[in-house]
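Chemist: First to last, the sequence lines map onto chains W and R. Going by UniProt numbering, 160 is the number at position 160 of the first sequence; the sequence numbering is gapless. Going by UniProt numbering, 24 is the number at position 24 of the second sequence; the sequence numbering is gapless.
No wet-lab data here; the hints were simulated from the structure. Please read all numbers here as calculations on a predicted model, not as lab measurements. A hint or two may mislead.
Stated by the list, open to error - Listed next, the stretches of chain W that the computed footprint assigns to chain R, with coverage defined by at least 3 CB atoms under 8 Å from CB atoms of chain R: (1) 9-22; (2) 35-45; (3) 101-111; (4) 120-128; (5) 148-158.
Glycine is no exception: its CB is placed at the ideal position from the N, C-alpha and C atoms.
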Amino acid sequence: MRGKPQAFAGLEEFVADRGDALLATAILLAGGRDAGQDLLQAAIERVMRRWHTIDGDPEGYVRRILYHLAVDTWRRRSRRPEVLTAVDTEAVPDGTATLDLRDALLRALAQLPPKQRAVLVLRFFEHLTEAEAAEQLGCSIGTVKSATSRGLARLRELTNDWAVERPRTTNGARA
Amino acid sequence: MRLDEELSVAMRSRVAGVRLDGAALVAAAERAHRRRRTARRGVALAVGGLTLAASVTGVALLSGTPPTGTPTAPAPAEVTVRPVGYVVAQASDAIDRNKSKVTYVRTRTTANGETRDEEQWWDGATGDWRRHGDGVDALITHTGERATFTVIDHTTRTWWAITYRADSNSEGWSKEDIQAALRKEGAFALVGEESLDGRATVHLRSVVERRGSAIDLWVDASSYDLVRTVERYTPSGGSTADVSTWDYTFVPRSEAELERFRLEPPADYRRDQSDAPQKSGAEPAK
Numbered sequence: 001m002r003g004k005p006q007a008f009a010g011l012e013e014f015v016a017d018r019g020d021a022l023l024a025t026a027i028l029l030a031g032g033r034d035a036g037q038d039l040l041q042a043a044i045e046r047v048m049r050r051w052h053t054i055d056g057d058p059e060g061y062v063r064r065i066l067y068h069l070a071v072d073t074w075r076r077r078s079r080r081p082e083v084l085t086a087v088d089t090e091a092v093p094d095g096t097a098t099l100d101l102r103d104a105l106l107r108a109l110a111q112l113p114p115k116q117r118a119v120l121v122l123r124f125f126e127h128l129t130e131a132e133a134a135e136q137l138g139c140s141i142g143t144v145k146s147a148t149s150r151g152l153a154r155l156r157e158l159t160n161d162w163a164v165e166r167p168r169t170t171n172g173a174r175a
Numbered sequence: 001m002r003l004d005e006e007l008s009v010a011m012r013s014r015v016a017g018v019r020l021d022g023a024a025l026v027a028a029a030e031r032a033h034r035r036r037r038t039a040r041r042g043v044a045l046a047v048g049g050l051t052l053a054a055s056v057t058g059v060a061l062l063s064g065t066p067p068t069g070t071p072t073a074p075a076p077a078e079v080t081v082r083p084v085g086y087v088v089a090q091a092s093d094a095i096d097r098n099k100s101k102v103t104y105v106r107t108r109t110t111a112n113g114e115t116r117d118e119e120q121w122w123d124g125a126t127g128d129w130r131r132h133g134d135g136v137d138a139l140i141t142h143t144g145e146r147a148t149f150t151v152i153d154h155t156t157r158t159w160w161a162i163t164y165r166a167d168s169n170s171e172g173w174s175k176e177d178i179q180a181a182l183r184k185e186g187a188f189a190l191v192g193e194e195s196l197d198g199r200a201t202v203h204l205r206s207v208v209e210r211r212g213s214a215i216d217l218w219v220d221a222s223s224y225d226l227v228r229t230v231e232r233y234t235p236s237g238g239s240t241a242d243v244s245t246w247d248y249t250f251v252p253r254s255e256a257e258l259e260r261f262r263l264e265p266p267a268d269y270r271r272d273q274s275d276a277p278q279k280s281g282a283e284p285a286k
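Excised from the complex, chain R in its bound form (with noise of 0.2 Å):
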């Protein structure tokens, strides 16, 4: 018999009989794929901060100067009829105002027929980054050129932490991050004056996709201060958009506040590395 006769029997007679216990691979599988999509979700909004939100600044530039009022005072309420360039350029200094606070957002976001909420917090004056929720907590912090990012799976009852160089793309709004966004983002048009919860707002829709990504932006009529994103995504070869909502507060840094960049893993949880991004230059956290 030829040598490849010989392997084709061979790997037959060595497989044969094997049995698969599915359901047990497919609920590891299935773990496995919630904890990377948390990871990677982590990592691109840490990475990523408000880019929403920055891309309407970036119009704002676009768009050029202002009609009216200053960059930092809000305009008049009897200000009914809103050109978008005014709008645009309201709400990004209202996002200038907001920086040093705690941003504060509810994300609802609805997947191939799943619907997860979660809660988030960025700290404009250190970039650090929280969330909680879909049962896992993660934690970016930052000391010097350095980011530590933590994330406990309660899932599986497991933790793992890295640290990275940090980008400096994580370090909050930068100009560098409006202007990014104010090229990729393109232009929003005005919807309309809506009441959203019952708050006056104003309504902003971009004009153009992303990457099959619509975005619709609600600012506060008075204030200018970010109210809501709703950003629709279809994936290639999808019928059905992903559909994320996200919902904001900007509040002071207050020690309760701060308290919430603060994450221990409990002491009965196991640490479990396997699952930390890959990513260049990171290293195990002590």
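Extracted from the complex, chain W is given alone in its bound form (with noise of 0.2 Å):
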């Protein structure tokens, strides 16, 4: 019988503690729940690889592998077809205007190319700086600016084209 192997030893503290977090923040990276929970297990099994050679909080190499799995490699390996599933919407109930544009911000983010959205994601829910997005993702700082650029002008756009679609939905989504 296999025990759980010495070489792992602390991953599961460490994802105990900090999981909740990760998950968050692979959910907005993959689109959903379902496919962040995958991209986030990639992740892990990506750690397990190098785990006993990692001095101090293990944190940083894993999101900067969330980041990195998100923009290149989970696109090809993924089971899924695409990320570009639209967000789940058991968390966005009907009424104002507000909350139907943050749901459409949502969809709309869950359409743009990885790296716009892991730039986005970086950037307004993790609040890293321009340089340090580019460092997590391997890229120059001009990348991440004109990411960012194109990626809110593209939301600005999707959310217009929602906004005059809003009225034959009931909560904001598409029929």
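Using the hints, put the two standalone chains together into the complex.
Modeler: Here's what the structure looks like:
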């Protein structure tokens, strides 16, 4: 019988402690709860390969893998056809225009190219600076700037479309 | 409120209260880790073949003509002083002699504090390969220019199979393999004659490391058949070495041995192609 390999000692505790926060980021990067959980699992599996060599707090390492998987490998290796699935809607009630706009923004975010989506998550959810986001993604600050600009512009376009369509739906979701 | 601020609030509210079943996720990641490791190891072994063994032959070519003996005859037992060039040449010839046999290898790998035992077989005539251990059975067979790679994971009761264009490197111990090893592996030094589990052997050690990996190798003192290789690999940044020990036995191609190269997934196992390697030109096997 195999027990818990000594090589992964502490991993479960780390995930228990930081898993909720990591999952939150993964959901936003992947566009939905299930896809986010799959993405996080893939990142943890990747971390296992080097777990015994990681010194200190592993969260930065895990997050970096998460971002890179979201932008590159994840799209190619995912069992799911794409991460462009609409975000889950259970947490978004009907009602005010503000809530409809936020719902539309999340739907639009899920439709952005992975890199633009990752940049927006890093900048406006993780609140990293442009330089920090560039370091995490392994790209230039200029790339972060342009991806941010294009991503926000695209969100504006998409949410305008939805704003026009909104009256046709009950909670902002497309029929 | 600006769009980026709305987005920030939207993202926060979207994931507020999200809870993760960490234990389940780690367990699933661990299963995936084991399956991928198995698949990678399978492909690497199948493509690489007995690279370690071939590397010895490479040294033989580097070292020039052996000083005594014929290419196919074992050295006389009374030879007690054996120049390294002579030993590696004889070991090279022994590999050639055993080329058409079934090679059985018991491996023990210690990595990351975990020890894993496996058994592997190569059919020297066809290049077919079989592996058993760690809850996984794997098989690579060849038909024409295509290879079929089947993996049965007993821990998850799943299996997958792909076909792909067989790499020439997977077809056994070609001279090209030997020459590639010659260029890559460098030379061996003679450590001495040693008794290994009661068997008289000659011990060789790689002079140079290759990507942090050092190799020790033992050949039979009379036949020069490969007996054991031990590879020590220290991952970049790691403090402990991964140690892999391979014990070799060469057996004739009997019906019983060839039966090992037939593998059928149990009827109640589920096919799951998602764990198959994404290899260019690969497609699910029928």
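Chemist: All the hints need checking, so say for each whether the structure fits it.
Modeler: Each hint tested on the structure:
| no. | hint | verdict |
| --- | --- | --- |
| 1 | 9-22 | holds (count 7) |
| 2 | 35-45 | holds (count 6) |
| 3 | 101-111 | holds (count 6) |
| 4 | 120-128 | holds (count 6) |
| 5 | 148-158 | holds (count 3) |
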